[in-house]
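Here are the chains, one letter per residue:
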Amino acid sequence: MKKKMIFSEFFRNNGIVMGSLLFGLVSFWLIFLVILPQISMLDFSFRYNLPPAEQGGPKDVYTLSNYEHLLYGSDSTHQTYNTVDLMVFVRTIIAAMFVTVFNILLCYPMAYFLGQSRGSGFVRLLVVLLIIPYWINEILRAFALKIIFGDSGLLNEVLMFLHLTPQPIDFIRADIALYAGLGYAYILLMLFPMYNVIESLDRNQIEAARDMGASWIRIHRRIVIPHAKPGIASGSTMVFMLSAGALAAPQILGGPSSLWFTQLVYQWFNDSLNWQQGAAYAIVLLISTISIVLVMMKIFRVNMGDIGK
Amino acid sequence: MKSLNFARIALGAYLLIFFSYLLGPLVVMSMTAFNSASFPSVSPWACFTFEWYEVLWNDTAIRDGIYYSVIIGLGTVALSVSMGLAASIVLTQVWPRIRSTYYTLIIAPILVPGVVLGISTLVFWDRLGTFLGASDGSAVYSLFHNGIFLTILGQSAFIASYCMLVFVARLQRFDPGLTEAALDLGATHTQAFRKILLPFMRPAIASAAVLAFLASFENYNTTTFTIVKYKTLTTVLAQKVRLGINPSISSLAFIIILLTIFGALVFEAVARNKARKEQIKLGRTEEKKGGILPAFMQGNPAAFGFVLLSFIVIVMVGTAQKYDPSQCKIDVREAKKAEAAARMKELREQRLIQDQSDARQGPDIFGAPKTEPEAGQGSGTGAFGNVFDPGNLSDEKAPKSGTGAFGGVFDPTNLDETAPSE
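For the protein sequence lines, the chains are W and V, in the order given. Note that the first sequence covers residues 2 to 310 in the working numbering. Note that the second sequence covers residues 7 to 428 in the working numbering.
Don't read these hints as lab results, they were simulated from the structure. Check each hint, because a few of them may be wrong.
What the hints assert, rightly or not - Selected chain W positions facing chain V (Cβ under 8 Å, derived; list incomplete):
hint: 1; residue: S9
hint: 2; residue: F11
hint: 3; residue: L26
hint: 4; residue: W30
hint: 5; residue: L31
hint: 6; residue: N138
hint: 7; residue: L141
hint: 8; residue: R142
hint: 9; residue: F144
hint: 10; residue: A245
hint: 11; residue: G246
hint: 12; residue: L248
hint: 13; residue: A283
hint: 14; residue: L286
hint: 15; residue: T290
hint: 16; residue: S292
Keep in mind that this is a model prediction, so the values were computed, not measured. Just so it is clear, CB atoms sit at the ideal spot from N, CA and C, and this is done for glycine as well.
Work the whole structure out from these sequences, hints included.
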């Protein structure tokens with residue numbers, strides 16, 4: 002009854018043509034591009050990888066085997082854990098968190114500086130300079146870091162020239178290149194939300210606190226950071242989700258012996274052609290990252306509505 | 007006062023580190039585009055060259071990739087801008103109680119990893135085809151497995167959210183009274199939308215379209231799953247970067263960086279020019295006349311930068327037509343050869359000393375090998391003496407090590423003639 006009322010009101014407000022156009026576009030987006038694909042992927046992840054002839058046949062039943070594979074590997078007795086894949090998963094999540102924290106620490110002073118010194122031409126120039134790397138392709142940015150961190154890359158040449166190291170350091174194998182690349186790729190998604198909220202902070206509040214003798218740390222802890230919280234939350238969510246789901250940077254900058262979880266998904270899809278297994282891994286990635294974000298938002302008391310501002 | 011200075015220095019150092027982290031890699035990458043070394047590097051620097059632009063221009067895979075990227079980009083812009091606009095208008099009217107749920111739903115695609123979106127799109131349309139009974143080879147089947155179709159849908163799923171955010175910001179300043187007035191005066195809903203809301207939203211639509219196109223153009227995670235048989239620029243680049251590379255990719259990156267800087271400068275210059283004209287109109291500032299610079303560059307560093315950069319690019323392209331690094335390349339090759347030869351000589355000397363100590367007890371030591379190191383490269387008496395004519399070999403500085411243990415056995419007298427070959 003209530004729903005009907007909303008709909009009739011909606012069409013009365015927009016007219017039949019515009020109303021159905023708007024409604025049609027939004028429902029096409031949400032149903033056909035977002036909801037149904039996720040549901041079909043979820044459904045798919047509970048099925049066996051069968052040859053086309055047997056699909057829909059008696060063998061096409063639901064199973065947990067794709068998820069069991071992540072836990073136990075190909076061992077059907079469930080005695081040993083699939084340590085390789087589980088380690089990759091844990092490493093991906095922890096490294097993504099590490100990248101997020103690194104970006105917060107690096108961006109906060111910058112956001113504060115840009116946000117509080119408004120108007121001058123110098124700051125305007127800095128903002129334009131910041132936007133430039135944002136429009137460069139993700140692959141090319143990873144490639145740029147590969148040139149620097151490579152075996153005979155610039156960094157190694159410099160270190161050896163300064164005699165800081167006797168032989169080239171393998172940054173790629175040590176995953177330093179990967180972490181630097183992930184931080185580099187998404188740093189602006191952290192900076193700009195922070196910058197936007199800090200810019201809206203009234204300067205007088207800081208002045209007042211300073212006049213009343215608050216220390217430098219206390220001003221930040223009690224005034225700036227609480228005000229900037231939605232921006233920090235929004236930036237952290239973006240950076241965490243994107244780093245955990247990154248594919249290009251690990252493929253280009255990752256060491257030969259260590260994988261990112263998305264690379265496993267990629268392998269199941271493109272190398273093993275086992276879509277069901279890949280879908281199961283993707284579901285695990287999606288659910289675990291989203292629940293981590295939700296838990297973090299609960300802990301830091303941030304609303305979903307703050308994201309994307 | 008002292009602490010203030012310290013703070014200033016710390017701030018400067020921080021800015022320096024931040025910007026070198028952000029821009030340094032791009033600068034280094036751009037420099038590698040002009041180094042003739044076949045692996046992208048800045049040191050050791052070989053020759054300044056434009057040859058990688060030619061390599062890039064002749065690379066058909068990249069050209070095809072750009073072509074498909076543009077097609078997909080245009081499709082994504084059309085779809086995601088209209089969906090984003092519809093979603094933002096619905097957001098202003100939706101029933102307050104489901105408003106936050108609705109907002110979560112339309113913002114969620116931004117947070118879903120691109121890999122997941124790509125996979126789910128691929129799986130869903132494949133399953134839908136099976137569900138509809140489309141057989142292999144039918145039109146529906148080939149549409150649902152077409153990389154361009156799938157990529158446009160997969161990318162629009164989250165790019166529409168970006169567009170929606172742009173529109174929501176603009177819609178907040180819209181006065182619904184205007185639409186109501188139009189309706190009261192007898193306009194239909196469609197007319198009101200076209201004549202009132204759409205003109206108001208035009209700047210937002212333009213920026214959302216640019217944003218959507220760029221996001222689509224540089225997307226990798228979703229595209230790599232949904233593209234199936236085709237290749238976009240990003241997937242071509244990813245493949246190239248993963249499998250061994252030459253600096254032609256750097257040259258592409260340099261072109262993109264230049265285009266970005268151009269775009270930023272034009273945008274900034276236009277914005278400043280507009281602001282200045284507004285000021286003049288309001289009578290706050292007077293139009294300055296009689297400067298050295300043309301009017302549109304007055305007090306507008308962005309416009310000045312734009313003109314300067316265009317000039318530099320034109321000069322560079324002009325030089326590229328004439329400039330020929332082949333002499334430098336020959337020099338570098340010679341230098342490399344000399345270096346290799348020097349290393350060879352060193353090795354040979356070491357081996358010689360070893361040989362001598364080995365041969366000291368042997369019968370066939372004629373003294374000649376001892377003089378050879380001084381003679382430079384011509385140390386070659388092969389294991390079979392003059393059979394292979396060592397004199398010729400030594401002219402070519404080819405790698406030939408060692409006085410064989412039997413060097414002089416076959417023709418000991420010849421040694422003295424051939425050894426000082428220089």
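Do the hints match the structure? See the list:
1. Nearest Cβ of chain V to the Cβ of S9 of chain W: about 12 Å, over the 8 Å cut. The hint is violated.
2. The interface hint given for F11 of chain W holds, since its Cβ lies 6 Å from the closest Cβ of chain V, which is under the 8 Å cut-off.
3. Of the supplied interface hints, the one on L26 of chain W holds, with its beta-carbon coming within about 4 Å of a beta-carbon of chain V, less than 8 Å.
4. At a threshold of 8 Å, the smallest CB-CB gap from W30 of chain W to chain V is about 4 Å, leaving the interface hint in force.
5. Because the beta carbon of L31 of chain W sits about 6 Å from the nearest beta carbon in chain V, less than 8 Å, this interface hint is met.
6. Satisfaction of the interface hint for N138 of chain W is found here, the shortest Cβ-Cβ separation to chain V being roughly 5 Å, below the 8 Å cut-off.
7. Because the beta carbon of L141 of chain W sits about 4 Å from the nearest beta carbon in chain V, less than 8 Å, this interface hint is met.
8. With a cut of 8 Å, the hint placing R142 of chain W at the interface with chain V holds, because the nearest CB-to-CB distance is about 7 Å.
9. Hint status for F144 of chain W: holds, given a least beta-carbon distance of 5 Å to chain V, under 8 Å.
10. Interface restraint check for A245 of chain W: the shortest CB-CB distance to chain V comes to about 7 Å, inside 8 Å, so the restraint holds.
11. The interface hint given for G246 of chain W is met, as the beta carbon of that residue sits about 3 Å from the closest beta carbon of chain V, less than 8 Å.
12. Interface restraint check: L248 of chain W against chain V, minimum CB-CB distance 5 Å, threshold 8 Å, status holds.
13. With its C-beta approaching chain V no nearer than about 5 Å, A283 of chain W sits inside the 8 Å limit, and its interface hint holds.
14. Annotation: interface hint on L286 of chain W holds; nearest CB of chain V at approximately 6 Å, less than 8 Å.
15. The interface hint given for T290 of chain W is met, as the beta carbon of that residue sits about 7 Å from the closest beta carbon of chain V, less than 8 Å.
16. A cut of 8 Å between beta carbons decides the hint on S292 of chain W: the least distance to chain V is about 12 Å, and the hint is violated.
The structure does not agree with the numbered hints 1 and 16 stated previously, though it agrees with the rest.
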